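Q: Those protein sequences? They're chains F and D, same order as listed.
First residue of the first sequence? That's 1 in the working numbering, and the numbers climb one at a time after it.
First residue of the second sequence? That's 257 in the working numbering, and the numbers climb one at a time after it.
Everything labelled a hint here was simulated from the structure, so no lab data went into it.
Among these hints, one or two may not hold up.
To be verified - Derived DMTMM-like pairs (lysine to aspartate or glutamate); straight-line CA-CA distance at most 25 angstroms:
1. F/K141 - F/D124
2. F/K166 - D/D856
3. F/K168 - D/D515
4. D/K707 - D/D856
5. D/K609 - D/E769
6. F/K190 - F/E224
7. F/K71 - D/E769
8. F/K71 - F/E109
In this text the structure is predicted, and so the values were computed from the model without any measurement.
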Amino acid sequence: MQTAVLRTENLSKSFGGLDVLSGITFSAGENENVAIIGPNGAGKTTFFNVLGGQLPATSGRIFLVGQEVTKLPPDRRLHLGLARSYQINNLFFTLSLLDNMLLALYGAEHSHLHLLRSLYGRRDYAEEARRMLELMELWDKRFEIVAALSYGDQRLVEIALSLATKPKVVLLDEPTAGLPTSEALGFAAKIRRLTTDITLVFCAHDMDLVFNLADRIAVLYFGEILCEGTPGEISCNAKVQEIYLGQGSKGAAGNA
Amino acid sequence: MERILTIFLIGISFGSILFLLSAGLSLTMGLMRIVNLAHGAIFMVGAYVGLAVTNITGHFTIGLLGGAVAAGLVGLIMEAGFLRRLYKQESGQVLLTIGFIYIIMNVVQWIWGAKPLSGIVPGSLSAVIGIGDFYFPVFRFFMIGFGLLMAVLLWLFQDKTKVGATIRAGMDNRQVATALGINLKRLFTAVFALGSFVAGLCGLLGAPLMGINLQVGWDALLLAMIVVIVGGTGSVQGTLLGAMIIGLVDAFGKAYFPDIAYFAIYVALILILLFRPSGLLGRPFSIQKTAEEMTQSVTLSAKMPLSIPAATGLRKPGARQRLYRLAPFIGAACVLIMLGPLLPSFYLGMLTKVLIYAIFAISLDLMMGYGGLTSMGHAAFLGVAGYTVGILAVKEGIGLFWVLLPAGIVVAALISAIIGYICLRVSGTYFLLVTIAFGQLLAIVATKWYKVTGGTDGLVGIKRPDLGIPGFNLGPIGFYFLVFIALVVCFAVLYRIVTSAYGRALVGVRENEPRMRSLGYNTWRLKYVAIIISGTVAGVAGVFLAYYYGAMVPSTLAIEMSTAGMLMVILGGPGTLFGPFIGAIVVVLGENISLTYVPDRWPLILGGIFILCVMLLRGGFAPYLSRLYQRFRPEPARITDLGGVPDLGEVPDLRES
Numbered sequence: 001m002q003t004a005v006l007r008t009e010n011l012s013k014s015f016g017g018l019d020v021l022s023g024i025t026f027s028a029g030e031n032e033n034v035a036i037i038g039p040n041g042a043g044k045t046t047f048f049n050v051l052g053g054q055l056p057a058t059s060g061r062i063f064l065v066g067q068e069v070t071k072l073p074p075d076r077r078l079h080l081g082l083a084r085s086y087q088i089n090n091l092f093f094t095l096s097l098l099d100n101m102l103l104a105l106y107g108a109e110h111s112h113l114h115l116l117r118s119l120y121g122r123r124d125y126a127e128e129a130r131r132m133l134e135l136m137e138l139w140d141k142r143f144e145i146v147a148a149l150s151y152g153d154q155r156l157v158e159i160a161l162s163l164a165t166k167p168k169v170v171l172l173d174e175p176t177a178g179l180p181t182s183e184a185l186g187f188a189a190k191i192r193r194l195t196t197d198i199t200l201v202f203c204a205h206d207m208d209l210v211f212n213l214a215d216r217i218a219v220l221y222f223g224e225i226l227c228e229g230t231p232g233e234i235s236c237n238a239k240v241q242e243i244y245l246g247q248g249s250k251g252a253a254g255n256a
Numbered sequence: 257m258e259r260i261l262t263i264f265l266i267g268i269s270f271g272s273i274l275f276l277l278s279a280g281l282s283l284t285m286g287l288m289r290i291v292n293l294a295h296g297a298i299f300m301v302g303a304y305v306g307l308a309v310t311n312i313t314g315h316f317t318i319g320l321l322g323g324a325v326a327a328g329l330v331g332l333i334m335e336a337g338f339l340r341r342l343y344k345q346e347s348g349q350v351l352l353t354i355g356f357i358y359i360i361m362n363v364v365q366w367i368w369g370a371k372p373l374s375g376i377v378p379g380s381l382s383a384v385i386g387i388g389d390f391y392f393p394v395f396r397f398f399m400i401g402f403g404l405l406m407a408v409l410l411w412l413f414q415d416k417t418k419v420g421a422t423i424r425a426g427m428d429n430r431q432v433a434t435a436l437g438i439n440l441k442r443l444f445t446a447v448f449a450l451g452s453f454v455a456g457l458c459g460l461l462g463a464p465l466m467g468i469n470l471q472v473g474w475d476a477l478l479l480a481m482i483v484v485i486v487g488g489t490g491s492v493q494g495t496l497l498g499a500m501i502i503g504l505v506d507a508f509g510k511a512y513f514p515d516i517a518y519f520a521i522y523v524a525l526i527l528i529l530l531f532r533p534s535g536l537l538g539r540p541f542s543i544q545k546t547a548e549e550m551t552q553s554v555t556l557s558a559k560m561p562l563s564i565p566a567a568t569g570l571r572k573p574g575a576r577q578r579l580y581r582l583a584p585f586i587g588a589a590c591v592l593i594m595l596g597p598l599l600p601s602f603y604l605g606m607l608t609k610v611l612i613y614a615i616f617a618i619s620l621d622l623m624m625g626y627g628g629l630t631s632m633g634h635a636a637f638l639g640v641a642g643y644t645v646g647i648l649a650v651k652e653g654i655g656l657f658w659v660l661l662p663a664g665i666v667v668a669a670l671i672s673a674i675i676g677y678i679c680l681r682v683s684g685t686y687f688l689l690v691t692i693a694f695g696q697l698l699a700i701v702a703t704k705w706y707k708v709t710g711g712t713d714g715l716v717g718i719k720r721p722d723l724g725i726p727g728f729n730l731g732p733i734g735f736y737f738l739v740f741i742a743l744v745v746c747f748a749v750l751y752r753i754v755t756s757a758y759g760r761a762l763v764g765v766r767e768n769e770p771r772m773r774s775l776g777y778n779t780w781r782l783k784y785v786a787i788i789i790s791g792t793v794a795g796v797a798g799v800f801l802a803y804y805y806g807a808m809v810p811s812t813l814a815i816e817m818s819t820a821g822m823l824m825v826i827l828g829g830p831g832t833l834f835g836p837f838i839g840a841i842v843v844v845l846g847e848n849i850s851l852t853y854v855p856d857r858w859p860l861i862l863g864g865i866f867i868l869c870v871m872l873l874r875g876g877f878a879p880y881l882s883r884l885y886q887r888f889r890p891e892p893a894r895i896t897d898l899g900g901v902p903d904l905g906e907v908p909d910l911r912e913s
């Protein structure tokens, strides 16, 4: 068993009387790629929001590299090495692509009160922005405002922003949401290129992506972890097939 | 015991009036998310029309109804004609309704004159009930009864009919609600008009307590706002509770601490903000934009007439580029320097005023345009700096400019640090409302603290700056140049800040605060620093304004000053710095021209400009000017922020190989 980079103990979240997450105990090891799957409404996005600090947990605890972060705000969690992306593009739409990247890079600093230094004044950040934009094949579009980019490119930027600060763990909420299947596979390759040496926790409905990227899969069902295992184990699990993969998806599972 | 009971009943009856006044505001703000700052002005319309109808017909009840109908009509026109097009655009709603305040007040003044009228108590209700030593007017009981009756009716309407749920559904998803066959447009208009109707109904009823005068439009807004913040929006019970608490606090404050009673309700407000920012019974009023709304705001700004930059290389700016970027500023500076000795003294004075207001406007732009923190209390920072100069100069006899300038700036910085801390307990619309409250609070301090501030007479006799150079006396031209230098310094500092990494981060917060937080930014701190810098620079304007008028009066702290600053920012172009400077020129010149030709109609014109700006000129003049200027560019246009500063310049470190 590897050391857990991200770990939760009995994590629960309820809205009013509705328990969306009930007692989730989960961990992800170093450099592990964990996929969280589950039917719509299983609580995947809520789980990510609680992990990222966007929503407070009702009970339970969250640990990041051994340190408890349950009560910390999202910015403190980022500084401890936890970053995330969103299911719906959540960017600075009126700023240029380059500005988006640089803002993300500056996020890693503890103070953001550089009142006199230009955003472009840090050579290392500028070079890193260039490296990442070239990796995404978006360098030529760096001066375009993000709203003017294609949806697929925006999707890529969404993920790149969360990776910019070189986090230890990154949470990707439906990285390929809204992309046509034809683009999704190439997209997975780009994610793989960008996330080497990072613990990746992602959720997805697209089984090709899941079986392409994941080392381990956890199945979330009505706010609880139904089962965990390697892709092979999960695709053979009768319960999972019954509730989730169901009709037709077995073919995709068989590819793995 | 009788005394306490009497005070209690006074408080409850005032609370009932406050409830009626605030119910409409709470309804439209909580359910429909419309910020209607003209709510107080609508209340005022109810009072004036109600009184007129009563005088004509001789019936108090018909007067009440007449006032309510008139107020409801004003609400109807505002909603159906204007606000309907601004759903979910809070800043637009705010500016539009400020415009309506000015227009409504000026029209009322046109018809009824500026003299305060007195409220009336109908004969049948003018009796006094007495039991033993205890006496209490029947009219007050009528207020309480009427207030409670309306509370029950509104509660039934909002919680027991489908209307509340329908409106909420409509706010969540317009298209689905429309597809389900709900006529949202008509429903929203009806609810808005109802809120105005109720406010108008209590205009005449509350007149014996609130008075019938032109100041009521602002006063009523302020009281309604405090009630809504204390009680929490969206529920009738919350509004009722808030109204009763404020009514009682006011009554007991006046009875036991008459000297400082004016502050009692503000103390209540500040305590609530510090310990329960969502209000006593409020649902947390969070304005997290949904993805859909964010795209909407993008489409809005994408409509702004700026060309989308072509991808070009990053190079060190060449000499021509630098010249191109600096040319407009150098040009403007040259014109201003030449105008100094050339202009006749009357016009020189006007130009000096323009420059002082420009400092004020660009300071507000940092908060409002870059940080997205719309403040309606910015005059507070300007005012405290001015008063500091006034008090030190007039009361303490300190004349040296080099003492007074830093003193004013430091006080403005301190006050902005305190006010900013409390205001940032809440965000969005609430932030705006709280800044109004603080602006008014300081204006009241300036009026009431007679010994130090000179009360309504103000502090008179501030001499021109003494620069401490023996044998040198600063004349009007010298003062003009001193202000000019201050403007140049403030502009340069702010320009540096908005183009810095911090400035970009601030724009990031404006655009998408949740994402900034998940990218590791402490957004609270970014905003807090913006408020302090902004307040400090406003302090510079305040110091010079005190010198300019040679006096400080409470109106320099008041809401009209803050809204003038807002208008300069939105007219010129928020988030551009040079735009608000142009806005300052337009507003000061406009005021002067109007005062020459139509002296009493300036607020009407001002209100009209507000409405035109919101409906037609989103983004202000600045984008048009910068687009025009781009034609003279030495190289293809390149802009890094569609909504902000055009052309942030080249990245020196990143060279295209």
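Q: A separate judgement is required for each hint: does it hold in the structure or not?
A: Here's how the hints hold up against the structure:
no.: 1; hint: F/K141 - F/D124; verdict: holds, 20 angstroms
no.: 2; hint: F/K166 - D/D856; verdict: violated, 63 angstroms
no.: 3; hint: F/K168 - D/D515; verdict: violated, 60 angstroms
no.: 4; hint: D/K707 - D/D856; verdict: violated, 33 angstroms
no.: 5; hint: D/K609 - D/E769; verdict: violated, 36 angstroms
no.: 6; hint: F/K190 - F/E224; verdict: violated, 31 angstroms
no.: 7; hint: F/K71 - D/E769; verdict: holds, 19 angstroms
no.: 8; hint: F/K71 - F/E109; verdict: holds, 21 angstroms
Taken one by one, the earlier hints fail for this structure at numbers 2, 3, 4, 5, 6, listed in ascending order.
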